Amino acid sequence: MNEPDLVDLIRELTSVMSVTGFTLRGTGRLYELIGDFFDEKSTDRMGNHLFVKRCGRENAPKILLDAHFDEIGMMVTSVKEGGFLTVTGIGGVDTRILQGSEVTVYGRSPDGEERRIYGVVGSTPPHLQKPGEADRNRDIKDLLIDTGLSADGLRRFAPPGTPVGFRPVFAELRNGIITGKGFDDKACGACIAAAVAGVRAEDLWGDVYFLFSNFEEDGASFGGAATGAFAIDPDVALAADVTFASSPDTKKRETCELGKGVTVTLSPMTDVRLSKLLMSLAAEKGIGVHPSVATRHTGTDAYVINKARAGIPTLDIGLPLRSMHTSAELASVSDCEALRDIVRLFITEPAFGKELENV
Amino acid sequence: MYKTAEFAPERPGRLLEGTELVRELSLAFGPSGSERAVTDLIAGQLYGTAERLSRDRAGNLFALYPSAAKNAPTVMICAHTDEVGFMIDDISSDGFLRFRSLGGMDPRVLCGRHVVFMGAGGPVRGVIGAKPVHLQSADERQKATKENDMYVDIGAASAEDAGRCVAVGDSGTFVSDFVLFGEGGGLMKCKALDDRLGCAAMIETLRRLVRGRRRPKANLVFAFTSREEIGNSGAVMAANRFLPDYGIVLETTAIADLPDVPENSRVADVGRGGVISIADRGTIYDAEFTRGALALAAKKGIPAQVKRYVSGGNDSRNIQRSGTGARDLVISAATRYLHSASCVASVADYASIRELLFAILTEYDFKRKEASGAGSVR
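Taken in sequence, the protein lines are chains A and B.
Counting from 1, position 211 in the first sequence corresponds to residue 211 in the working numbering; the numbering is continuous, with no gaps.
Counting from 1, position 10 in the second sequence corresponds to residue 10 in the working numbering; the numbering is continuous, with no gaps.
Rather than coming from a laboratory, the hints here were simulated on the basis of the structure.
All values reported here derive from a predicted model rather than from experimental measurement.
Yeah, the Cβ is synthetic: ideal placement off N, Cα and C, and Gly gets one too.
Watch out, some of these pointers could steer you wrong.
Reference excerpt, derived from the structure (chain B facing chain A, CB under 7 Å, subset only) [said to hold, decoys possible]:
| hint | residue |
| --- | --- |
| 1 | Tyr2 |
| 2 | Phe96 |
| 3 | Arg100 |
| 4 | Gly112 |
| 5 | Gln142 |
| 6 | Tyr151 |
| 7 | Ala156 |
| 8 | Ser158 |
| 9 | Ala159 |
| 10 | Gly163 |
| 11 | Val168 |
| 12 | Ala256 |
| 13 | Ser340 |
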C-alpha cells in the first residue's frame, strides 16, 4: 500500500462533515479516503468507525489506536422568514468566532435528498447595538444564519435538528504551518491512517484496530470511545488528540510549543511504563516528543478507554494545536509527521508487546 | 495641490461584466491607503472606454467624460476603492503580528478570520488567533476580545522570522471568496463589496454611455476615491479638484432586514433596489436632487427604496461641502454584515443601481450653480 501524502490527507479528511452525532453522514467519503489502508471496516450504533489491519498471526495482541472523528458544530433550532436559521452549538463551539463566518448546512429532505446549503453567520449593524454591547460576546442562540433561501425550502431541507458545520477552508502558512477547521481531531486521524498505511502487515506486532470515534466533543460522555473500546477489548490502547499550543493569550504551563513534536501524557490515567518507553524509543529515532501532565482528566478519549472493561493500558498522545475549536485551527506539518512516525513506531516495535507481559 | 498624471489604461485579459466584474473587484487587495491594485484593475476594465485616465498621489483615479455643450455643469460620480482592513503596528518576540483596524469594525467579527497582509515580497497569509475556549475563564467567555488583545498568526517562529516577510506598517485584509447563494443565486457574499459594488456600477455605466455614444449634457467626472473607510478621504481632494455642481455617491449601506427586527430599525431591504438616503449621520441630502432621482426611478420602473433610518455616512459629507457646495445624492446597495469578511448584497439590486445611475446621467436636468443660486446647496 502506498503511503498517502499527509498534508493532502489532512486537508481532505478535515473537510468531511462529522459534527458530533452526525458522524455516519461522512462514512462514504471516509472510506474513499482511508478505507483501502485497512483489511476491514465497519460502523456501529454509536456512530463510531472501526478500521482493522491484521498482522496475519493467530491470537495476536489487539492494539487499539483511537482518534475521534466527530467535530464541533451546530444544529438548527428554528427556521425564520426571509431565509434565516437559528442554531445551537454542538460541542464547545467558540462563539467568539462565529459572527461573519461561513457555514455549511447539511440539509436533507424527508425523502432523503441531500442538499448542502451555504450560509453566512450574520453580525449586528452598529445602529442596532446598545451602548457597551460590542464589549460583550453574543450568545449563540441570538445569532442568525443567512441562507437566502425561502423559508419553505428551509423547512423542507433544514428543519430543527439539521447539522451545521464550519465551511471547509484550508491554507498553508509559513514554516509548514497549516490552518483549517476540524483538525480537532481528524488531523490526528489522518496521521494514524497514514502511519498504518505505510506498514507491511508482517511488521506489526499485533492486529491494529483504528477506532475513529464519535461523541468526544460531547464532553459529558466520551461515549464513542467508551463503547468502542469495550467492544474491541484491546490489550493496549493509544489515543491521539490535539493539545493546546502556546499563543500570546495563553500561559506557558497550560500549553506546549508548536513545531517541536508531539506530547506524551504522564498521568495516573495513562500507563507510565509504556509512556516512558514510547518517549525513549521515539527520542532514539529522532522523533520530537515532550511530556505533558494531566492530573484529573486527560480531556481526551484516553480518559474513558483506560477504564474500559477491566482496565486497558493506555497511552495519550497530543498534537499541538493553536486556536482550538475555531474554523482556523493551526497545526505544524512537522508535528503531524512526528505523530504519524510515533504511531508507526508504536505498532511496529515489539518492545511494547513484551512490556505488556509485565505486571 | 496634488499633481495628477494622465495615463492610458492597459488592455486587460478580458473585460468583465455584472457579477464577474463585482467578483474581481471585490477580491482585489485594497485596504485604506493601499488601493493601487484596485485602481489598476479598474483602469484596465475601462480599456476601450476611457482613452485617458488620470491618477493623483492620494490614490484617486479619475475618468472624465466631458459634455459637448459649453458651460455645462459638472457632475462627480464617486465610489471608494478602499476596503476595511488592518495595519501591523507591532510584531511580538515570538512572531505574532499585532494590528490596528483600518476602518470601523465590530471586534466581534475578527476572531478566527483568515487574513492576508501585503509584505514587501508579496502576500502573507495568516489567521486572527483565538485563545482556546477550553482555557477561557467564565468571564472571558462573556466578553468580546478587544482588538488590542488580538494577534495574527502567520506561523512565524520569531520576530526575526516574521520580519523576513512582513513589517510594521504593512496592511492587510480579510481572505474571503466570492459566493453566489440563496434562491437562484440571487445573493452575493464577499469581502469588500463595500464599495467595489459602487466601483463596478460606475465602470459599467461609463461603458454604456460611451458605447451608446450618449454624449452627456453635463461634464461627468467618474472618481474612484481612496481612504473612505478611515474618514481621511480621497473624495475631499477629488471634489476640491473638480468643484462639481452635483455629487452622486455610489455606496453600500448597513441594513438589518433580519427576522424579529422591527420595521423602523431595518433601514432598508435586500432586493428592493438602490437605497436613496434622505439623511444619514454625515449628510442631509439635497432635497431637490433626491426627489428627482426617486421620481425618475418611479417613472422608469427601476426598483429603488428610501433609507428608513438615520445611520451610517459616506463621502457625500465631503462632496456636499466642497468648494461652494454641491447638490448631492447617494445610491447604496442594501448590504448585510457590512465591514466583515462576509458582506451580503443582492445581484438584482446591483442591476437596479446601474439602471438608476444611467437614467440619472442621461435624463436628469442638471443645472450649473449660477443658474440655481450660486453656492446654495438647498
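Check: Can you list which hints this structure breaks, lowest number first?
Finding: As far as the earlier hints go, 1, 3, 8, 9, 10 and 11 are violated by this structure, in ascending order.
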